[in-house]
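Let the hints inform the model, and build the full structure from the sequences given.
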Amino acid sequence: MDGLLNTPRGVVKIRPAELVDAARLRALRLESLLDAPVAFAADYERSEAETVERWERRINEYAQGSQSVIYLAEAAGELIGMTGLGRGHWQKTEHGGVIWGVYVQPAWRGLHIAEALIEACIAWGRGLGMTVVKLGVTANNAPALRCYLRCGFTVYGVDPQAICYNGVMYDELLMAKFIAAT
40 MDGLLNTPRG VVKIRPAELV DAARLRALRL ESLLDAPVAF AADYERSEAE
90 TVERWERRIN EYAQGSQSVI YLAEAAGELI GMTGLGRGHW QKTEHGGVIW
140 GVYVQPAWRG LHIAEALIEA CIAWGRGLGM TVVKLGVTAN NAPALRCYLR
190 CGFTVYGVDP QAICYNGVMY DELLMAKFIA AT
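Residue numbers 40 to 221, in the working numbering, belong to the letters of the sequence shown in order.
Possibly wrong hints are sitting among the right ones.
Said to hold, decoys possible - Lysine-lysine pairs mimicking DSSO-like chemistry, simulated, CA-CA at most 27 Å apart:
| id | residue 1 | residue 2 |
| --- | --- | --- |
| 1 | Lys-216 | Lys-52 |
| 2 | Lys-52 | Lys-173 |
| 3 | Lys-131 | Lys-216 |
| 4 | Lys-173 | Lys-216 |
| 5 | Lys-131 | Lys-173 |
What the hints contain is simulated information worked out from the structure, not anything from laboratory work.
This is the structure in structure tokens:
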């Protein structure tokens, strides 16, 4: 699913990642980990060690199969947001998926770009017959929680002390959205 989102800051294109995006996607992912380190399980240091070639392989693997997808938000030729959806690996779990890496640059927040990225991932999953999509959100991340609630996710549990950053423990709210396959 490709889509255009009209915002007060300009048109934002929502589209799947392509091989040529690898370097910019890597940079955006690293930016997200510096900007909001508590929001992600991944850490900056380990992620920084991943090469552009690793991101090229990841995008290529995603494009070749039906296990995962990464959607990007692009405005005026610049990547401003991203998220991914990973499908269950086994036959008994492929009906579900996990949203990961939701990030929108601070200057573009509040314009429903994250919602558009998530909805694109959900549409992709629905097209593959997925019936449920899950995600985790740090319990103190109120803006992200509001976004996920607007997208129709509900809390089904808590993962205590899911993130430890600088010696502080953070619980994660576990959320799910049931989707009807097409």
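Status of each hint after checking the structure:
no.: 1; hint: Lys-216 / Lys-52; in the structure: holds (24 Å)
no.: 2; hint: Lys-52 / Lys-173; in the structure: holds (24 Å)
no.: 3; hint: Lys-131 / Lys-216; in the structure: holds (18 Å)
no.: 4; hint: Lys-173 / Lys-216; in the structure: holds (6 Å)
no.: 5; hint: Lys-131 / Lys-173; in the structure: holds (16 Å)
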